[in-house]
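Asks: From just these sequences and the hints, can you work out the full model?
Line by line, the protein sequences give chains A and B.
Following our numbering, the numbering of the first sequence begins with 12 at its first residue and continues without gaps.
Following our numbering, the numbering of the second sequence begins with 22 at its first residue and continues without gaps.
Keep in mind that a hint or two might mislead.
[Claimed, not checked] Calculated pairs, DSSO-like style, for lysine-lysine (alpha carbon to alpha carbon, straight line, at most 27 Å): (1) Lys112(B) to Lys29(B); (2) Lys74(B) to Lys85(B); (3) Lys67(B) to Lys153(A); (4) Lys98(A) to Lys74(B); (5) Lys67(B) to Lys98(A); (6) Lys153(A) to Lys74(B); (7) Lys153(A) to Lys98(A); (8) Lys67(B) to Lys85(B); (9) Lys22(A) to Lys112(B); (10) Lys22(A) to Lys29(B).
[Claimed, not checked] Between beta-carbon pairs, the in silico distance windows are: (11) Arg133(A) to Asn71(B): 41 to 49 Å; (12) Trp42(B) to Ser128(A): 17 to 25 Å; (13) Asn71(B) to Leu137(A): 37 to 45 Å.
Quick caveat, the hints were computed from the structure, so don't treat them as lab data.
The beta-carbon is built from N, C-alpha and C at its ideal position, and this holds for glycine as well.
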Amino acid sequence: MTDLVSPTRAKRPEFRNINALADLPTYRLPVAGIVSILHRISGMILFLLMPFIIWMFDASISSEFSFARFTQVFSAGVGFLPGWFVKLVALAIIWGYLHHFIAGVRHLWMDINHAVSKEFGRSSALFTLGLGTLLTLVLAAKLFGLY
Amino acid sequence: MAVNYGSKRLAVGAHYGLRDWLAQRVTACLMALFTVILLVQVIFSKGPLNYDKWAGIFHGQCMKFLTFVVIVALLYHAWIGVRDIWMDYIKPVWVRLSLQVLSIVWLVGCAGWAVQVLWRV
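Replies: Below is the structure:
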């Protein structure tokens with residue numbers, strides 16, 4: 012095991028006092044970096060929206076009556092929340108899942124292949140963003156009844 | 022090797038990297054497989070997807086078996102991921118510990134609910 016407490020270990024540079032509003036927007040992340048942080052953000056979104064996902068599973072599968080209620084929530088809304096808002100939340104889950112899925116497959120591919128070059132990192136990151144956005148748009152159009 | 026027990030024990034950080042790295046990938050593969058199987062059944066069902074067809078997908082014991090495994094896989098996968106986020110950004114130990122405990126409560130509760138729903142079908 013690496014000795015993490017030994018004083019002889021070289022000190023890693025540590026950056027402190029990074030202002031989220033003043034400093035972070037000036038960072039020029041490469042595309043692979045954007046995919047990476049979005050992988051985290053999408054994972055966190057899915058984690059936080061988990062009760063909504065299970066509620067959808069519950070309502071859609073428990074009985075015919077609850078299934079009707081499930082479809083009604085998307086068309087007529089629930090409580091003070093209108094239907095389009097419920098659809099937007101569902102769309103956030105759709106985007107989060109798609110991005111997390113594709114970025115995850117990209118990870119697995121790089122693990123298996125050891126194909127970690129600058130070019131592949133960039134092109135696969137662009138592919139991830141493109142495919143995720145495209146599929147989200149297609150499903151958004153379906154969700155909001157454009158076709 | 023340095024002393025890593027008693028008062029010298031490192032109480033923070035995840036010093037079980039490889040196991041969790043591998044678990045993250047194995048659980049991801051299981052969930053990806055589940056996604057594909059579910060999508061195939063939804064896409065190739067004839068006619069509009071009504072309650073009977075949707076519930077029918079989860080009716081068989083095979084699908085219940087797989088779904089249950091995926092719920093457990095998701096629980097572990099999400100735990101590793103969320104724990105990594107707390108470890109990277111949250112430095113005060115008591116805040117991090119509180120968030121980690123809340124995450125476990127959240128995940129175990131959700132998993133229990135999902136399992137209950139699964140066996141209601």
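Asks: All the hints need checking, so say for each whether the structure fits it.
Replies: Hints, one by one, checked against the model:
Only pairs whose Cα atoms come within 27 Å are accepted, and Lys112(B) paired with Lys29(B) is accepted, the gap being roughly 19 Å. About 15 Å separates the Cα atoms of Lys74(B) and Lys85(B), which keeps this hinted pair within 27 Å; it holds. Proposed proximity of Lys67(B) and Lys153(A) is supported: the alpha carbons are some 18 Å apart, at most 27 Å. A threshold of 27 Å between alpha carbons decides the hint, and for Lys98(A) with Lys74(B) the separation of about 22 Å falls inside it, so the pair holds.
The suggested pairing of Lys67(B) with Lys98(A) holds, with an alpha-carbon distance near 25 Å, which does not exceed 27 Å. Between the alpha carbons of Lys153(A) and Lys74(B) the distance comes to roughly 20 Å, so the proposed pair stays at or under 27 Å and holds. Restraint check: the Cα-Cα separation between Lys153(A) and Lys98(A) comes to about 11 Å, which is no more than 27 Å; the hinted pair holds. Straight-line distance between C-alpha atoms of Lys67(B) and Lys85(B) comes to about 22 Å, which keeps the hinted pair within the 27 Å bound.
Annotation: proposed proximity of Lys22(A) to Lys112(B) holds, straight-line Cα distance about 18 Å (limit 27 Å). For a cut-off of 27 Å, the pair hint linking Lys22(A) to Lys29(B) stands: about 20 Å separates their Cα positions. Remark: the range hint 41 to 49 Å for Arg133(A) to Asn71(B) is upheld by a beta-carbon distance near 45 Å. Our hint of 17 to 25 Å for Trp42(B) and Ser128(A) holds, since their Cβ atoms are close to 21 Å apart.
Between Asn71(B) and Leu137(A) the beta carbon distance is about 40 Å. The supplied range of 37 to 45 Å therefore holds.
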